[in-house]
Amino acid sequence: MVKVEFLGPIGYPSIEVEAANLADLAQKLKEIEDIKEWLSNSAVAVNDVIVDSLDTPLKDGDRVSILPPVCGG
Amino acid sequence: MVKVEFLGPIGYPSIEVEAANLADLAQKLKEIEDIKEWLSNSAVAVNDVIVDSLDTPLKDGDRVSILPPVCGG
Amino acid sequence: MELYSGPLDATEIFKSWFNREKESNYGAFITFVGIVRSEDNIEALSFDIYEPILKSWFESWQQKANQRGAKVYMAHSIGDVPLHNVSYVSAVLSPKRRVALELIDEFVEDFKANAPIWKYDVIDGKRIYAESRSTPMSGAGLLN
Amino acid sequence: MELYSGPLDATEIFKSWFNREKESNYGAFITFVGIVRSEDNIEALSFDIYEPILKSWFESWQQKANQRGAKVYMAHSIGDVPLHNVSYVSAVLSPKRRVALELIDEFVEDFKANAPIWKYDVIDGKRIYAESRSTPMSGAGLLN
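Chains as they are written, first to last, in the numbering used here: chain A, 17 to 89; chain B, 17 to 89; chain C, 435 to 578; chain D, 435 to 578.
Among the hints, a few may not be true.
[What the hints assert, rightly or not] In silico DSSO-like cross-links for lysine-lysine, where the CA-CA straight-line distance does not exceed 27 Å:
id : chain 1 : residue 1 : chain 2 : residue 2
1  : C       : K449      : D       : K560
2  : C       : K456      : D       : K498
3  : D       : K489      : C       : K546
4  : D       : K505      : C       : K489
5  : D       : K530      : C       : K560
6  : C       : K505      : D       : K489
7  : D       : K530      : C       : K489
8  : B       : K75       : D       : K530
9  : C       : K530      : C       : K546
10 : C       : K530      : C       : K456
11 : C       : K449      : D       : K449
12 : C       : K560      : D       : K489
13 : D       : K530      : D       : K449
14 : C       : K489      : A       : K19
15 : A       : K75       : C       : K489
Think of the hints as simulated: they come from the structure by calculation, not from any bench.
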């Protein structure tokens, strides 16, 4: 199982899902109505490292963070 | 008479000279050995305003400042 | 990197960084202070921060600065910061001015674009996500 | 514009400018601090200033800043400033960060090139004009 956290304004509780890689996870997240709209402009981190490939493999216990548009300062 | 001041590191005392304009003054300053070498890289102010033309007229009581290369900060 | 609950004391932060570094033989010390402006009837801004990724973002900037002989600092607020209070302070030190002037610009702009911090306007006591002023991070849209 | 005999108290200057402006609704406050570096066996730097032209240089910058909705400050030392002490502080305030980041760069660079200030290295108690680090002002060479 992989834990998925939705950061900042997304305001959706963390979920646990089965997913072998990010492409697989993307499919599952697109099925959640409240999450779908955030995917187009959110960055993704696996175990707190930002990733840039859908081929990124996921293993049991991994933590995925969904990071919506930012504005510090 | 025009008063000419030599600022910063030039270290030459102020002088009073007769000059109708800056071109005229330039001729007179070139005759001073200790000043000549500074003219090529010094800016010039008349009554505390930087000027950029040799035609700038000078009248009795005007104050000309010779400003050598700067380095603030 | 320093995170505080609520407004920052800009002068204390300046003093602490300056005193820590004044003998370090840097010739240029530049600070950027972000102050909450009164506009659009807001009472305050409010911030969420995801600290693990902010920390690694900051550490990678520290390395980038070190490679140019420089050093960076930053402090940010978590939670509410009322009008005319400070939410963000950052700084760059370098031996000469040119590198410091370039780095403060790059550091502050990259901070705006990629630091994992979310901003909310506080209006009538409610927190409203500052969506239109927010920027997708590098790599955003991967799961789309 | 503030001129002081000897080293500047950077924190006091920061505090005074910040407190004066924190309610003025500027969103970005950037300060540049110049610290005397130890190099080439110097004991101190020393400065001569021609105040009337420095004042008009500063006032023309204040106007330039105002036209962009911004404001500038500066403080500088006259005379000797020992190693690891501050000789120069300048600041820019603007409603948004972009103008402040651009102005601090232009302001500090133009200060270096055109403010009527002369720098000397102090070595063995002697003042030596820092000729090789100095820049002819705009319009230099007119009388040549």
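Is the straight-line distance between the alpha-carbon of K449/C and that of K449/D 27 Å or less?
-> 9 Å, holds
Keeping to a limit of 27 Å between CA atoms, is the pair of K505/C and K489/D held or broken?
-> 33 Å, violated
Is it true that the CA of K530/C sits at most 27 Å from the CA of K456/C?
-> 14 Å, holds
Between K560/C and K489/D, is the straight-line Cα distance small enough, at 27 Å or below?
-> With Cα atoms ~48 Å apart, K560/C and K489/D exceed 27 Å; violated.
K449/C paired with K560/D [C-alpha distance capped at 27 Å] = 32 Å, violated
Agreement of K505/D and K489/C with the hint, judged by alpha carbon distance not exceeding 27 Å = 33 Å, violated
Within 27 Å, alpha carbon to alpha carbon, are K530/C and K546/C?
-> Answer holds: K530/C to K546/C is near 25 Å, not above 27 Å.
Between K489/D and K546/C, does the CA-CA distance stay at or below 27 Å?
-> 36 Å, violated
Within a Cα-Cα threshold of 27 Å, do K456/C and K498/D meet the stated pairing?
-> 32 Å, violated
Straight-line alpha-carbon gap K75/B to K530/D, limit 27 Å = 48 Å, violated
K530/D and K560/C: Cα distance at most 27 Å?
-> Status holds; Cα separation ~24 Å.
Quickly compare the C-alpha distance for K530/D and K449/D to 27 Å and report which way the hint goes.
-> 21 Å, holds
When each numbered hint is compared with the structure, violations occur for hints 1, 2, 3, 4, 6, 8, 12.
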